[in-house]
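These protein sequences, in sequence, are chains Y and X. With positions in the first sequence counted from 1, the corresponding number in this note's numbering is that position plus 73. With positions in the second sequence counted from 1, the corresponding number in this note's numbering is that position plus 73.
Hints in this document: simulated from the structure, not taken from any laboratory. Note that the structure is a prediction, hence the values are computed from the model and not measured.
Keeping only pairs whose Cα atoms sit at most 27 Å apart, straight-line, the calculated DSSO-like set for lysine-lysine is: (1) Y:100 to X:134; (2) Y:118 to X:118; (3) X:134 to Y:134; (4) Y:118 to Y:134; (5) Y:118 to X:134; (6) X:100 to Y:134; (7) Y:118 to Y:375; (8) X:118 to X:375; (9) X:375 to Y:134; (10) Y:375 to X:134; (11) X:118 to Y:134; (12) X:118 to X:134.
Protein chains: 2
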Amino acid sequence: MYEPRYARRAEAMRASEIRELLKLLEKPGIISFAGGIPDPELFPKAATAEAYAEILADPAKSSQALQYSVSEGFPPLRAWIAAHMRTLGVPATADNILITSGSQQALEFLGKLFITAGDTALVTAPTYLGALQAFSAYEPRYDVLRPETGNRTPQSYREAASVNGGAVKFAYVVPDFANPTGETLPAEARNRLIDLAEELEIPIIEDTAYVDLRFEGTSVPAIQALDVARHGGDLNSSRVIYCGTFSKTLTPGLRVGWVCAAEPIVRRLTLIKQASDLNCSLINQMVMERLATGTYAAQVAKAAAHYRRRRDAMLTALEQNMPAGVTWTRPEGGLFIWVTLPKGMDGAELLRRAITEAAVAFVPGGAFFTDGTGRHTIRLSYSLPTEAQIAEGVARLGRLIAAGGA
Amino acid sequence: MYEPRYARRAEAMRASEIRELLKLLEKPGIISFAGGIPDPELFPKAATAEAYAEILADPAKSSQALQYSVSEGFPPLRAWIAAHMRTLGVPATADNILITSGSQQALEFLGKLFITAGDTALVTAPTYLGALQAFSAYEPRYDVLRPETGNRTPQSYREAASVNGGAVKFAYVVPDFANPTGETLPAEARNRLIDLAEELEIPIIEDTAYVDLRFEGTSVPAIQALDVARHGGDLNSSRVIYCGTFSKTLTPGLRVGWVCAAEPIVRRLTLIKQASDLNCSLINQMVMERLATGTYAAQVAKAAAHYRRRRDAMLTALEQNMPAGVTWTRPEGGLFIWVTLPKGMDGAELLRRAITEAAVAFVPGGAFFTDGTGRHTIRLSYSLPTEAQIAEGVARLGRLIAAGGA
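Could you put the whole structure together from the sequences, leaning on the hints where they help?
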């Protein structure tokens, strides 16, 4: 009845492998490295309760908080974020900030703003699956960035894009503690990416969901900061669109993220926000502004220490349990370790066996690739299991891989 | 720098007339009939404060409330809405319900699900401006429904759609106390619309934002209820997609609306939800479930009584102050009265003069039409001004129209 009436794009929008997998995880007793969501132990519950209570106890504030509001977002929250961006070397004002329903909504809006069917989006291999889901509704083709090992020439990307009558529209990267690899792009690779974007005359979408969860090592400048420096400090001339979120540092439950970009882009995205869902919940934005002002630095420090212990537990367990031929990343932050399996071993098949034979779950890597490669990779998250569960789960997984590789 | 990279659809996404106007309303002393937003006096502030406090005081509930959650929405809220739909003659279960960020997001998702560029959306003239903004991102053409005075033949709609190589994809209506006219479609017109949709084999999108605000008269069955009855009571065979919201009865500040539809459509929309913003704020959904359970009936009664007094004040003021040649609707509910100006008088020009010469604001009707007509109409909302302000504002407007028509 409905199928013949769906838009052409509906073909590109299918249930995700990860989503289907998450259903299996409700099986009791399973040790899950699949999620990658924050540990609720870290949520600032008391401060959140206090913020809601204070706002709702004030007649004027509660009238405002429960009403419709402007699509750009709550001005004091935009101002706090602009100040935060200035600490990163990005000279933002509140006019450079749009509040979005998590950074996922920012990605959806950017797909909508830039992609006409047949256009090309440049993404890494692997890349964040949620970004692919957001973009794919607009029917792009994907081409592969290799910012560390060497991108192709601008001419090569341009020619590949024009085969379908489209153009290269943007480059998308998660430069810090990437989902899924946990790796961070060095400054040289960021600068080479800006060089490429300049030659292609395209924007760069910088997704920084995990950037604040650094456990050790030195922060690398934001791509937006590097690009702004090339434009004499003028953010409104920058080609970088920075997507940030409070989901990994404070809480994902209020659905508050942001875009920081040149004003013309923010104005365009604001029109999209208005047509999409009018505005983010104002009461949640008002609460988030209080949480950010009151607890941001302390929460970030607490979260980094917490996840560092779990990463350490996982790295130790991998050293102790993985057979020869298995390699993995050693992230300086974030929530993920990326494992390359022995040659010929399939991550999806391993998952099926891991769930049924070892009560362990993770995400097979294939879904993170747009080019059909990566089937011999898996993503492990250490954000939710305890250190004891990590040791036990990795040991089981190591035995399974050793047996499968024999 | 950016313009050449924007998607083709960006041309269709411009700042709205209404939005630009709302900026003028910040001028102090203005009497505004422009908004159409609920009166914050009615918000259930104490119950809302209590709900947040209770959820956040419970360690398990607060861990859940501040975490990511399933895209379909909070199961108890979906169950409450399904029960509510059953009182309307729609035999829904929770599986027929998707929670959206207000009903605006439902409209955006439906545009995304059904429209490929060049397809046709059938809308009334006038229709809800926000729906046009949501759909237009997907580059439809519009054709005009006249459910009361007579639609064209299915063949005529089909032929018009095929000229651009597209197809008719859906019919969109606000059947109860419509924005902008305040009018309600009689049952016969609803049935004729279903007849047309059957012949065209298209879904009907039923936007019910104002349906609960009935002051008097008899409720007309939901189009979805009428259509389900044609299918032996099987909602999963219905072609009607019902979009509901708590924004006009409880509060718009939590951003909670819903879609009720056949399960295959709900599953498709859930994928779109996941790719768009993952999920609605769970804490807000949990609060809304408590508000709905505890206060829905009382809030609806209170709101209807409140807006009825204001509608009465506006109808009285119109009778007393409007010169000959001006006509208006007499809505049985909702937030709007629709005024037809004397022949040749332009609503947008009248607004410019009303703001500067009379400190009165409203929305010119032209923006609600897809066919370029309606320039001699205006929309008045009585939801926010007091009865005294309504009397004074309409008197000023009457004098201005009388002078302009002389």
